[in-house]
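Visitor: Sequence:
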Amino acid sequence: RCTARLVFDHLPVTWVVHAEYDEAAVHELYRPLLRSGQALGARRWLASLQRQCEYHAILCSNPHPNHGDRHEPISPAGRRCMLRLAQRMADNFCAGVCATAAQKWRRLDEWRVEGAGGRDPASGEDKVRMMARQSVGAPGEPPGVVLSATTSVRLPGTPPQRVFDYLRDEQRRGEWDILANGEAMQEMDHIAKGQHHGNAVSLLRPNATSGNQNNMLILQETCTDASGSLVVYAPVDVQSMHVVMGGGDSAYVSLLPSGFAILPDGHTAPAAATDPSPQGSSPNAHGGSSNNSPGSLVTVAFQILVNNLPTAKLTVESVDTVSNLLSCTIQKIKSALQASIISP
Numbered sequence: 001r002c003t004a005r006l007v008f009d010h011l012p013v014t015w016v017v018h019a020e021y022d023e024a025a026v027h028e029l030y031r032p033l034l035r036s037g038q039a040l041g042a043r044r045w046l047a048s049l050q051r052q053c054e055y056h057a058i059l060c061s062n063p064h065p066n067h068g069d070r071h072e073p074i075s076p077a078g079r080r081c082m083l084r085l086a087q088r089m090a091d092n093f094c095a096g097v098c099a100t101a102a103q104k105w106r107r108l109d110e111w112r113v114e115g116a117g118g119r120d121p122a123s124g125e126d127k128v129r130m131m132a133r134q135s136v137g138a139p140g141e142p143p144g145v146v147l148s149a150t151t152s153v154r155l156p157g158t159p160p161q162r163v164f165d166y167l168r169d170e171q172r173r174g175e176w177d178i179l180a181n182g183e184a185m186q187e188m189d190h191i192a193k194g195q196h197h198g199n200a201v202s203l204l205r206p207n208a209t210s211g212n213q214n215n216m217l218i219l220q221e222t223c224t225d226a227s228g229s230l231v232v233y234a235p236v237d238v239q240s241m242h243v244v245m246g247g248g249d250s251a252y253v254s255l256l257p258s259g260f261a262i263l264p265d266g267h268t269a270p271a272a273a274t275d276p277s278p279q280g281s282s283p284n285a286h287g288g289s290s291n292n293s294p295g296s297l298v299t300v301a302f303q304i305l306v307n308n309l310p311t312a313k314l315t316v317e318s319v320d321t322v323s324n325l326l327s328c329t330i331q332k333i334k335s336a337l338q339a340s341i342i343s344p
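The sequence shown begins at 1 in full-length UniProt numbering and counts up one residue at a time.
It is possible that some hints are incorrect.
[Unchecked claim] Label pairs and their computed distance ranges (CB to CB):
1. R84 x T315: 32 to 38 Å
2. A138 x H190: 29 to 35 Å
3. V16 x Q161: 24 to 30 Å
4. R35 x G137: 43 to 49 Å
5. H190 x T311: 39 to 45 Å
6. T315 x P142: 17 to 23 Å
7. L59 x P142: 25 to 31 Å
Just so you know, these hints were derived from the structure itself, not from any lab.
These figures come from a predicted structure and were not determined experimentally.
From the three backbone atoms N, C-alpha and C, an ideal C-beta is built for every residue, glycine too.
Make the full structure from the sequences, and use the hints.
Guide: What follows is the structure, encoded as structure tokens:
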């Protein structure tokens, strides 16, 4: 990053960004996004600034209690605690994707390429970054061995907004989320974080027939702006959430977040062809999309506790199970969106 300037003149904001990057160090999947100016341009930071301002306005406000589908409203203090817990969850998700030094991740190179069980390399689901770390029971984390699986794919012809709307839809949750056991989820509470309906914190409950509704809920944060979107979620126990919604301390609620980061892929719409194809075909002739049509870059990341003893050793079975779960999730999302996939 070079010099950036932010100018406030009453309400208008001018943001000027000068950025340089070494394209050779950037994966080819992300080069069109950087070339388009959407990744490092001032518009991205202005969009993020607007979203954060709306969030802080909500956090500092004192609105009427939100009843939702619960019998008791959330108090203003409980609402703020729930928003802070969701923010911690999103921060931990991003730290896991970026493999920050503070979390002391250890890369498992031996499983880096063959984690998807021998699938066609062209599909890309076998290129999963696997990492592990030991959690010794710090506040906000369960003790044990945590395994992280992360991969990125491109969905040409599938707009980011469509991917975002699908992933945050609790009615279609059972199509891809193993925690839903193949069924829809119920939104118990919803806290708006801004003017866009996609910026919110939700508390979801698995369907009553799934068998685990008595002790597990899903905390989910969704956020979106012109620069990209996040869908982050984590299972939480009912008792902990009752404490948080009552205004209690959320710092000791254990979370292992998973989720999705959704970006535009930087491709522009191809110009219309002047001559018809000699074969009479089109990019969508077979239900797919042109590889050069605008689409989405989707990063999927899971953090899963594979053993509750911090000193335990990882097994091949644990790594393969998590890697295959990630691959199957991507395939289910691809099928639901009727999208094609281009992988690293």
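Visitor: Of the numbered hints stated previously, which ones are contradicted by the structure, given in increasing order?
Guide: none
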